[in-house]
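Undergrad: Sequences listed follow chains A and B, in order.
Be aware that the first sequence starts at 1, since it is given in the UniProt record's numbering, and climbs by one per residue.
Be aware that the second sequence starts at 1, since it is given in the UniProt record's numbering, and climbs by one per residue.
Honestly, the hints are just simulated from the structure, not real lab data.
Keep in mind it's a predicted model, so treat the numbers as computed, not measured.
Beta carbons: idealized from backbone N, C-alpha and C, even for Gly.
There's no promise every hint is true.
Said to hold, decoys possible - No more than 30 Å apart at the CA atoms, straight line, and that leaves these computed lysine-lysine pairs for BS3-like:
# : chain 1 : residue 1 : chain 2 : residue 2
1 : B       : Lys199    : A       : Lys6
2 : B       : Lys7      : A       : Lys2
3 : B       : Lys86     : B       : Lys129
4 : B       : Lys184    : A       : Lys6
Unchecked claim - Simulated coverage check for chain B against chain A, where a stretch passes if three residues somewhere in it have a Cβ under 8 Å from a Cβ of chain A:
# : region
5 : 141 to 147
6 : 225 to 237
Listed here are the chains, written in short residue letters.
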Amino acid sequence: MKHIVKIMTLPLAISAFWIGLASINRSTYPYTWLLPIYFIVSLGCYGLLMVGVGLMQFPTCPQEALLLRQVLHRSFCLDDCYWLPFSNFFSFSCFYKLSTCSFV
Amino acid sequence: MEKEKNKYSIIVPTYNEHINIALIIYLIFKHLQDVDFEIIVVDDGSPDGTQDVVKQLQQVYGEDRVLLRPRPKKLGLGTAYIHGLKHASGNFVVIMDADLSHHPKYLPSFIKKQLETGASIVTGTRYVKGGGVHGWNLMRKLTSRGANVLAQTFLWPGVSDLTGSFRLYKKSVLEDIISSVVSKGYVFQMEMIVRASRKGYHIEEVPITFVDRVYGSSKLGGSEIVEYLKGLAYLLVTT
Ligand SMILES: Nc1nc2c(ncn2[C@@H]2O[C@H](COP(=O)(O)OP(=O)(O)OP(=O)(O)O)[C@@H](O)[C@H]2O)c(=O)[nH]1
Ligand SMILES: [Mg+2]
Chain A
1 MKHIVKIMTL
11 PLAISAFWIG
21 LASINRSTYP
31 YTWLLPIYFI
41 VSLGCYGLLM
51 VGVGLMQFPT
61 CPQEALLLRQ
71 VLHRSFCLDD
81 CYWLPFSNFF
91 SFSCFYKLST
101 CSFV
Chain B
1 MEKEKNKYSI
11 IVPTYNEHIN
21 IALIIYLIFK
31 HLQDVDFEII
41 VVDDGSPDGT
51 QDVVKQLQQV
61 YGEDRVLLRP
71 RPKKLGLGTA
81 YIHGLKHASG
91 NFVVIMDADL
101 SHHPKYLPSF
111 IKKQLETGAS
121 IVTGTRYVKG
131 GGVHGWNLMR
141 KLTSRGANVL
151 AQTFLWPGVS
161 DLTGSFRLYK
171 KSVLEDIISS
181 VVSKGYVFQM
191 EMIVRASRKG
201 YHIEEVPITF
211 VDRVYGSSKL
221 GGSEIVEYLK
231 GLAYLLVTT
């Protein structure tokens, strides 16, 4: 079954319920036409709430960034010079002179 | 030992990563000491000399451990994975970025998780305890959370991080799903995992941290958001 079908069963059930209600007696349930609006508004609120909560609890890892920089610095930087791993085995040439090596 | 029989092919797509590729290969060898693996670099004709660096690394580590499988020009990430997959000789495939956002120190935990659970896919997730992201501004976080809430509400994918691309696959499973994936960009990763989940494959998650690339800025802009929404709608009606 396509996913859209699964998802659509929920609003469909709700609208069936709503049509049922609306068709009974308009004077007994005068505000039934508000139901789908409630549904959409609460869906929106749920979405906004989830995004807000997710944003507040957003997991960050500044220490990981520092650790990575330290590892790279320890392994590859000498005198503001970027040594690539293979340079240990062959000619020691400065592969890249760049600001990367003053980052820690 | 179980570990002995398995071989892991690590596919690393690159475009202009001549520094990062050397660092990441060094780090992979450092963190995967007693595992049988090969690294497949799929470079799309980077003008910065990425391929020359890889060739030098082949001299050090061996051409059977570091494979260079280049393509003539920039053809996109999705097809780069397919290209790399064709040359993979392992029974497991790992996909990771070359820009050091995906730290090779997590590779053992992917492998361990797979051995423990027998999962078909182990996906790295940033949004659980022990995971995290560094270097994103508020806007980037907001779009990421919004995209995730939308996808969780409408797609019910069963995993917490849909757009991450640090994953381990059984090779046969990757071959099976990648052929049916049509999306590009961020949606590609999402489509892969949604299709896998729909097919009933066993998916496990491990926490990873994601440190944004130090140089260059993120490409997530208005057009990516539109692409994402289109992709979401596409997945709703096709899976
Ligand atoms: N072979 C190949 N590799 C690519 C292509 N585009 C990107 N890549 C590589 O794919 C990986 C992820 O790309 P990134 O540019 O980091 O994408 P991103 O992480 O979404 O965006 P950033 O914020 O820039 O890091 C990197 O290793 C790139 O070098 C491409 O067209 N072909
Ligand atoms: Mg990146």
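Undergrad: With the threshold set at 30 Å, check whether the alpha-carbon distance from Lys199/B to Lys6/A stays at or below it.
TA: Holds. Lys199/B to Lys6/A sits at ~16 Å (cutoff 30 Å).
Undergrad: Can you tell me if the region 225 to 237 of chain B counts as covered by chain A, using C-beta to C-beta distances under 8 Å and a minimum of three residues?
TA: Three-residue rule met by the region 225 to 237 of chain B, so holds; n is 3.
Undergrad: Does Lys2/A sit within 30 Å of Lys7/B, going by the straight-line distance between their CA atoms?
TA: With a Cα-Cα distance of about 36 Å, the restraint between Lys7/B and Lys2/A is violated, given a limit of 30 Å.
Undergrad: Would the pair Lys86/B and Lys129/B pass a check requiring their Cα atoms to be no farther apart than 30 Å?
TA: 35 Å, violated
Undergrad: Do at least three Cβ atoms from the region 141 to 147 of chain B come closer than 8 Å to Cβ atoms of chain A?
TA: holds (count 4)
Undergrad: Between Lys184/B and Lys6/A, does the CA-CA distance stay at or below 30 Å?
TA: Cα-Cα ~26 Å, so holds.
Hint compliance for this structure: hints 2, 3 are not met, and every other hint is.
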